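Just so you know, the sequences run in chain order R and Y. Counted from 1, the first sequence has number 164 at position 164 by UniProt numbering; the numbering is strictly sequential. Counted from 1, the second sequence has number 187 at position 187 by UniProt numbering; the numbering is strictly sequential.
These are computed hints drawn from the structure, not numbers from a lab. Being a predicted model, the structure only gives us computed values, none of them experimental. Hints are supplied without guarantee of correctness; some may be wrong.
Put simply, identical chains are the same to the list, so a pair is met inside one copy or across any two.
[Stated by the list, open to error] Here are the simulated DSSO-like cross-link-like pairs (lysine-lysine), alpha carbons at most 30 Å apart as the crow flies: (1) Lys-153 <-> Lys-211; (2) Lys-52 <-> Lys-175; (3) Lys-153 <-> Lys-253; (4) Lys-116 <-> Lys-253; (5) Lys-164 <-> Lys-42; (6) Lys-237 <-> Lys-218; (7) Lys-52 <-> Lys-42; (8) Lys-211 <-> Lys-116; (9) Lys-52 <-> Lys-253.
2 protein chains.
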Amino acid sequence: MASPSSHRGQQHCCFNDWMNLQEHDLSELLQAQTVEENGGDKEVQLRRLVDKNVEHFQAYAQERTRLARDHVSPFFAPSWCSSLESSLLWLAGCRPSLFIRLIYALSGLEIESQIKEFLEGLRSSDLSDLSLSARQFSMVNELQGRTIKEEEKLSEEMACLQEKIADQPIAVIAKETTRVLGQSFETNEQADEALDDHSRSMVSILEAADKLRINTLKALVSILSPVQALDFLIAGKKLHICIHQWGNKRDQKHG
Amino acid sequence: MASPSSHRGQQHCCFNDWMNLQEHDLSELLQAQTVEENGGDKEVQLRRLVDKNVEHFQAYAQERTRLARDHVSPFFAPSWCSSLESSLLWLAGCRPSLFIRLIYALSGLEIESQIKEFLEGLRSSDLSDLSLSARQFSMVNELQGRTIKEEEKLSEEMACLQEKIADQPIAVIAKETTRVLGQSFETNEQADEALDDHSRSMVSILEAADKLRINTLKALVSILSPVQALDFLIAGKKLHICIHQWGNKRDQKHG
């Protein structure tokens, strides 16, 4: 099929391709999880699979940035997402600190299930492959601190950018714009230039946010063992796909 | 015309009604600005007009909250706004600090034009009705500090709410959800309950953000003289209507 010619169509297509790729990657990750084989070979294979998934995310972000240069604002309020999904966005994507929160949730779940098994006599006191070690906890904790600081910095930049709309030149151009009664306000060269300038700043902030998302993901999987990283990527993809599909159903229900 | 039966239709209608009311209010404000009459009577009339505009904003916020109780997430990513407008949203509306930034922009513009007129010999050194006094500047400045602090508090609450998606119970329900190959993930009772709970928190944050927007607006117009408040409301409404219409045109251009 030829790719759509409009910018909006290409953006929508880019997101759909990404969701389809995530579905495909999820199947592959789930399959890898069931392989019984142990030892060095499996470790290497899993690490390769994890790296491939991170690369896919990076390629998606690059393609998105390329398209954003033509028309950036839809990425901050995408019509192709369910409203639930869109309401959870931070700078056109998920909060990087969400990855870390997910690791903690998975870890808590693992400990809970191990305690249960231990109390039921099904397990010795050894920790499973999925439990984070004390050293890993401390590294994740340190990464969380750094990530939240970076998030706050970018949130502040976005606040400045949003506030600038009510300042020179845009607010003044709007104030001085006149129109024929009953007609809408036309953009003029001045307004277009100011909005183009604003768009360029939005692209920069999108790039910075994507960079933070990717770097946080990379740092996180490098702290985790391949088996843990696999479990984390599966949970992350399932969460994203579920929120996307649950959100669509809720939107449909409300017309 | 009968009001639409779907929640989405009612939400869209609520926004359209608000934009139409703003158009009507803008005309009335512009007309009031041209009235030559001076003195106490005009002051009282203008103050009444300003208060009416603030009440309209408050009524819109109340109606929105009522509709949000049925389905909240579309208000955070509204399909009825242009993508430019949506990309500028902070908690489903404009940042309250934007009102203050606009006051500063208008004040700067006024001073600039007075200096120009003074240098051209068209004006004595007296300040016009629209210039902020030193006392007003200090009050606006103090309001800005308070508003930004409140904004930061609400932004943090929103961040917590967004991060909680990757925690118990939602992330765990998603992780444990299975599906028939090729089908989408169905919501179950557990997921629905968790998402309903999340929605209730989103309604609370929407209400808190609207309260801050309204309180900031009220505090601001109470600092301004009726003539200044009129000028500010005109500039604010023109800015909103322009961004809405310019954004629609830019979306159309990009397909």
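Of the hints given before, which are not true for this structure? 3, 4, 5, 8 and 9
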